[in-house]
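A.B. asks: This is what each chain is made of:
2 protein chains.
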Amino acid sequence: MTQNIEQLDRLDSLSAIRGHFALPDNTIYLDGNSLGALPKASAERVHDVVNRQWGDDLISAWNKHSWIDLPLTVGDKIAPLLGAASGQVVVTDSISVNLFKLLITALNMQPDRHIVVSEQGNFPTDLYMVQGIEALLGENHCKLNAVPTEALVDALTEDVAVLMLTHINFRSGRIHDMQRLTRLAQAKGILVIWDLAHSAGAVPLELDALHVDFAVGCGYKYLNGGPGAPAFIYAASRHHAHIRQPLSGWMGHANPFAFSESYQPAEGIRQFLTGTPSIIAMAALDAALDVYADTDMQAVRDKSVKLTELFLSLKNEHACLSELELQSPVDTAQRGSQLSFSHKDAYAICQALIEHGVIPDFRAPDIVRFGFTPLYLRYSDIAQAIDVLVTIMDEKRYSHPKYNERSTVT
Amino acid sequence: MTQNIEQLDRLDSLSAIRGHFALPDNTIYLDGNSLGALPKASAERVHDVVNRQWGDDLISAWNKHSWIDLPLTVGDKIAPLLGAASGQVVVTDSISVNLFKLLITALNMQPDRHIVVSEQGNFPTDLYMVQGIEALLGENHCKLNAVPTEALVDALTEDVAVLMLTHINFRSGRIHDMQRLTRLAQAKGILVIWDLAHSAGAVPLELDALHVDFAVGCGYKYLNGGPGAPAFIYAASRHHAHIRQPLSGWMGHANPFAFSESYQPAEGIRQFLTGTPSIIAMAALDAALDVYADTDMQAVRDKSVKLTELFLSLKNEHACLSELELQSPVDTAQRGSQLSFSHKDAYAICQALIEHGVIPDFRAPDIVRFGFTPLYLRYSDIAQAIDVLVTIMDEKRYSHPKYNERSTVT
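So the protein sequences, as listed, match chains H and Z.
So the numbering used here is basically just the index in the first sequence, starting at one, shifted up by 3.
So the numbering used here is basically just the index in the second sequence, starting at one, shifted up by 3.
With the rest of the complex left out, here is chain H (with noise of 0.2 Å):
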């Protein structure tokens, strides 16, 4: 098996892409779908953002460095990995925020109906922004119908005003059929809103082909922008002439610099900006894409495949590996770049690996969740993982108390 594993690295054509990332020493990082880790790039980038164009140019730099166009430039180098034509995706404010945008311009798209669909289980701010729609605006003009994923199609019927749905659940890590999903829910007359936090820069996409009305993303997963990077909107084309998003602020107006006292939105996907961005954290997040710019996503996800597929063939190998019960879905097929176990002491079991080396994320109440990020893992990181992974399992060393001393965050 050693020397498969080392064949499989020699022959891995995305191996030369770890080089481009900033990587701690003794460290397997299986947690790239929660923070990414720090392209060699970005560090390059925020140092002379900060220290040349903001320390020496101050305010010529909107100009001078195109500060200005940001939000655009960097949509524009995000829009291939979905499978997007240009002029669809803007960089602006977090996912929250950007549902929020998104969810009221698709209700007033519907006027006669107001029922979001969306599923049980979807990451939680997710439901928690149309609930703070339904507070707003009342029940009569938008009301959360959250269901269990196979009630999803039943759910589609011809009173239902959006479907917003997670592509990848963090949780588990299933795939929804986006073309399926997004093909019946127009069929009745829904618009689709999907969310992407941990799809772009996983798998490949292709919004525009599957007539997709509008999705959000994260910067600060696969994309590797950053802790707290920006976060994505995409806009069909087609439906940037009809709408009005209610977070209507002067980055989105159509001249913000004539400060004319009447809100009028900028045409294109432009007037889904609100604020002024941070240029610090967009500039991290456009460096770290130039890792994807000749990076083929199909190559990403085949080795994303062949990753979770070895670290689940070592772990058959081992007895003792049994008691951690898959989550994720057995189809590859099925599955995003991650493997989900349930483990009564998952917490526990994520300190002692984390203390050990390997660094995993917990999910309450009882999942240890493992990314795979094609871009800087080895094939012989995942062998080593599964050896800390046997070595605290088999000897119960996750039993010891200091593993169970909890943290706000994991």
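Warning: the hint list may mix true and false statements.
Just so you know, same-sequence chains aren't split out, so a pair can sit in one copy or run between any two.
[Said to hold, decoys possible] Dumping the calculated DSS-like pairs for lysine-lysine here, alpha-carbon to alpha-carbon at most 30 Å:
hint	residue 1	residue 2
1	Lys318	Lys43
2	Lys67	Lys399
3	Lys146	Lys318
4	Lys67	Lys43
5	Lys399	Lys191
6	Lys80	Lys405
7	Lys405	Lys191
8	Lys347	Lys67
9	Lys80	Lys318
10	Lys405	Lys67
11	Lys80	Lys309
12	Lys309	Lys405
13	Lys43	Lys405
14	Lys80	Lys347
15	Lys309	Lys67
16	Lys43	Lys309
Read the hints as simulated data drawn from the structure, not as lab findings.
Mind docking chain Z on chain H? Use the hints.
C.D. replies: For chain Z alone, coordinates are given in the frame of chain H:
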């Protein structure tokens, strides 16, 4: 005069603070009210957050470096500058997004009222956000009444829900009497939202003592937090138990990492958080605020007044500068830390000044705006700026066609 100016600089109790900033050579920066200069500590902190905290500690940095608490800890650093006890200020999102949260919050607290009084000539995004709410809720639930300054008091009638004003006008620098207007509004049962974009870090504030309800402010002007730095919200603690803000994202949840499916707001000021914040952007602001830790805001204000008075007295010595007509109040007590002048060639004058190393701001249609940041400006800088201005105006150098080529932002 020259000798006097040297003496002013020698006796300046704030003179040492200039050393905390990385300022470019041969530049007199009179635009700190648009984008504050780079604090050396911010450059160092950003480098550390990117390279060591993100790069080395990856996901564990959220706990290890207390990233998760930054919105509150940075808020508590801003609080003293606002005259606010701790626990009432949170750093989050942009002014525009924060105004949306507060406007809806305040409207919900006044269910029988729906009028939002503001001022013509307010910074446009403030008005735009109200217009967005009008479009969203309908004019029966939110109606903007933007009146001329002199009509403000009469507009404060008992059917008004909210008075939303910018404390210091971005164009003229005129200061509103916060105490009087807050008292007059509250006497009619009106809630008050102050926009402190040009106030925080420029003038002493007493939000608690003046019984202000809500406020927003900017991280990238006088607080020097970097381009597009996150903004802040102040909400008086007496309101915390009785509000529900509409952008109910997971970071404002009582227990974000329980991943429950029902939104339950956090107690206190944390409930105003929405999505995941940019840690890099917030760290730059956090470090910048340390400059204020040992700085008396009254001393800052006193120097600001002296700087603007010096500018005006030197200006009056030159007949060629009389064409520049003061649009800011003559009375220093009614004026923030800026001086605005109108001139039909304001745009070209700004461009010519910039080429000669003096950086003002142009504000359409005809304003040359000079900002005075006491933390890093010397009295000798003012004298030198006047010399440059005289050169440009006396010889009409600004009339060269190259100074009229318009760029996007100025």
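A.B. asks: Are the hints correct? Go through all of them and say.
C.D. replies: Comparing the hints with the structure gives:
1. Lys318 with Lys43: neither (33 Å within a copy, 50 Å between copies)
2. Lys67 with Lys399: So Lys67 and Lys399 pass the 30 Å test across copies only (26 Å; inside, 59 Å).
3. Lys146 with Lys318: neither (44 Å within a copy, 62 Å between copies)
4. Lys67 with Lys43: For Lys67 and Lys43, both the intra-copy (24 Å) and inter-copy (22 Å) Cα distances are at most 30 Å.
5. Lys399 with Lys191: neither (53 Å within a copy, 67 Å between copies)
6. Lys80 with Lys405: Neither: 44 Å inside a chain and 34 Å across chains, both beyond 30 Å.
7. Lys405 with Lys191: neither (54 Å within a copy, 58 Å between copies)
8. Lys347 with Lys67: between (56 Å within a copy, 25 Å between copies)
9. Lys80 with Lys318: neither (37 Å within a copy, 49 Å between copies)
10. Lys405 with Lys67: This pair counts as between: shortest inter-copy Cα distance 16 Å, intra-copy 53 Å.
11. Lys80 with Lys309: within (27 Å within a copy, 49 Å between copies)
12. Lys309 with Lys405: Neither. Shortest intra-copy (35 Å) and inter-copy (59 Å) distances fail the 30 Å Cα cut-off.
13. Lys43 with Lys405: neither (34 Å within a copy, 40 Å between copies)
14. Lys80 with Lys347: Neither way: Lys80 and Lys347 sit 42 Å apart in one copy and 41 Å across, limit 30 Å.
15. Lys309 with Lys67: neither (45 Å within a copy, 33 Å between copies)
16. Lys43 with Lys309: within (26 Å within a copy, 46 Å between copies)
Checked against the numbered hints given earlier, this structure breaks hints 1, 3, 5, 6, 7, 9, 12, 13, 14 and 15; the rest are met.
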